[in-house]
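Novice: Protein chains in written order, with this note's numbering: chain A, 218 to 330; chain B, 24 to 267.
Keep in mind that the hints were calculated from the coordinates and are not lab data. Just so you know, even glycine gets a beta-carbon here, dropped at the ideal spot from N, CA and C. Treat each hint with caution, since some may be false.
[Claimed, not checked] Rough simulated footprint, nothing fancy, chain A against chain B, three-plus residues with beta-carbon under 8 Å:
hint, stretch
1, 74 to 84
2, 108 to 122
3, 233 to 243
4, 251 to 258
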Amino acid sequence: MADIPYTPVLAITLAAVASYLPRALGAFLSGRIAASSGVIEWITCVTYALMAGLVARMILMPIGSLAATPDWMRTAAAAIALAAFLAFRKSIGWGVFAGAGALTAMATFLNGT
Amino acid sequence: MSKPDATLPISSPRAAFWLGAREAARVPMAVMAASFLGFGTLIRDLDWSVWLGVYSTISTWALPGQIAMAEMAARGAPLASMVLAVAFINARLMPMVASLLPQVRRPGMSLVVQYAAAMIIAATTWAGVMRRLPDLRTEVRFAYLTGYGGALYAMSPFATAAGYFLADHVAREVAMGLVFLNPLYFMLLFLAGPGNTGRWLALGFGAALGPMLYTILPDWSLVLTGLLGGTAAWLIGRRRARHG
Numbered sequence: 218m219a220d221i222p223y224t225p226v227l228a229i230t231l232a233a234v235a236s237y238l239p240r241a242l243g244a245f246l247s248g249r250i251a252a253s254s255g256v257i258e259w260i261t262c263v264t265y266a267l268m269a270g271l272v273a274r275m276i277l278m279p280i281g282s283l284a285a286t287p288d289w290m291r292t293a294a295a296a297i298a299l300a301a302f303l304a305f306r307k308s309i310g311w312g313v314f315a316g317a318g319a320l321t322a323m324a325t326f327l328n329g330t
Numbered sequence: 024m025s026k027p028d029a030t031l032p033i034s035s036p037r038a039a040f041w042l043g044a045r046e047a048a049r050v051p052m053a054v055m056a057a058s059f060l061g062f063g064t065l066i067r068d069l070d071w072s073v074w075l076g077v078y079s080t081i082s083t084w085a086l087p088g089q090i091a092m093a094e095m096a097a098r099g100a101p102l103a104s105m106v107l108a109v110a111f112i113n114a115r116l117m118p119m120v121a122s123l124l125p126q127v128r129r130p131g132m133s134l135v136v137q138y139a140a141a142m143i144i145a146a147t148t149w150a151g152v153m154r155r156l157p158d159l160r161t162e163v164r165f166a167y168l169t170g171y172g173g174a175l176y177a178m179s180p181f182a183t184a185a186g187y188f189l190a191d192h193v194a195r196e197v198a199m200g201l202v203f204l205n206p207l208y209f210m211l212l213f214l215a216g217p218g219n220t221g222r223w224l225a226l227g228f229g230a231a232l233g234p235m236l237y238t239i240l241p242d243w244s245l246v247l248t249g250l251l252g253g254t255a256a257w258l259i260g261r262r263r264a265r266h267g
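Excised from the complex, chain A in its bound form (with noise of 0.2 Å):
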C-alpha cells in the first residue's frame, strides 16, 4: 500500500466534518428555501458517477486482500451478484450475498489465488 503522508485519525476526522456540513447547512436552510431540484439532481448525478467509479476500482482494481484474486474471479462474482439482484425482484439483501458468496467459494474451491 502506498505510503501516507498523514494519519488515519486526521482522515476520519477531515471526513467527518466534510459529511457534518451539509447537515448543518441542510438544517440552516430547512424551510427557508425551497430546495432547487435542478441543483439537487446535479448533486445526485455527481454521487451517482463517484460512487459508480469507487465501486468499480473495488471490484476491478482492489487494494488489501481482493488484490490477491484474479480479475476474472471478482468480475464473475460482480456479475452473479447482479443476475442474483435480478433474479429475486431487486433484493439488495440477495445479490450481496450471492456475489460475496461466490467470490468466497470460487477463492476456495477455484485455488486461483
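Assemble the complex: chain A is given as a structure, and chain B must be docked to it using the hints.
Specialist: Same frame as chain A, now just chain B:
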C-alpha cells in the same frame, strides 16, 4: 401497514420514540448492520485499528463517504482530494435534512437539538421516517425520528467492531467475501434506486471513468470522475427530459 391517511393512535413522545426504534429494528437495521459489518472488515483489511473504524462510524455515520475515505487514504490520495470526494458524496444529506426537519420539529425547539438530530439523518433514516410521517401527529414526529435514527446510529459502531473481529475468525476466503460486500452493496443500492436518464448515465460514465482516470491521474481521479461523469450525465438527462 397502515393506510396513508390513517393517524396512528400514538399521543406520547415516549411511545413514538419506541415505535420508531422498533420499526427501524427490522429490515433497515439488518441491512445497515450488514453494511457496517462489511466496513469493519474493510478497516481490518487495511490494517487499521478497530478504534479507527468505530471512530469513523460514530463521527461520520454515512457509509459511502466512510468507504471512500478509507479506500482513498489507503491508496495515499491527497487529503484535499479525499475530503472533496467525501463532501460531494455526502452533499445529498443536505436536501434530506432540509426536507425532513421542518416536518418533524415543534415550534420553539432548541437549535442545538435540531443540529444534533441532523447527525442521525442518513439515507436510511430519511427514507424510513419520511414514509411514516403521514401516519403520525406533528407533536410526536420528532420523537419518532430520534427513536428510528437513534436505534440505527447506536447499532452501527457495534456492527463495525463485529465485522472487524469477525474478519480474524473466519477463513481468509470468507473474509475476502466480507470485504467484497462493500462494493457489491453500493453497486446494487444505486441500481435499485429510482432511475432517470441522467442517473443511469451517471452510473455508466462513473463506472467507465473511475478505473480509466485512476491509471492516468490516481490522486484526483474520483473527484474528476464525479464532476465530469456526473455533470455530463446531468446535462444529457436534462436535455432528454426537455425534448422527450
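Novice: If you count the residues of the stretch 108 to 122 of chain B with a beta-carbon closer than 8 Å to a beta-carbon of chain A, do you get 3 or more?
Specialist: Held - the stretch 108 to 122 of chain B has 15 residues with a Cβ nearer than 8 Å to chain A, which meets the minimum of three.
Novice: Under 8 Å between beta-carbons, do enough residues of the stretch 233 to 243 of chain B, three at least, approach chain A for the coverage claim to hold?
Specialist: It holds: at least three residues are needed, and the stretch 233 to 243 of chain B offers 4 whose Cβ sits within less than 8 Å of chain A.
Novice: Holds or violated: the stretch 251 to 258 of chain B covered by chain A, criterion of 3 or more residues with Cβ-Cβ distance under 8 Å?
Specialist: Our answer is that it holds, as 6 residues pass the Cβ test (under 8 Å) against chain A, meeting three.
Novice: Closer than 8 Å Cβ to Cβ for three or more residues is the test here. Does the stretch 74 to 84 of chain B pass it with chain A?
Specialist: Holds, because 6 residues of the stretch 74 to 84 of chain B bring their Cβ atoms closer than 8 Å to Cβ atoms of chain A.
Taken one by one, the earlier hints all hold for this structure without exception.
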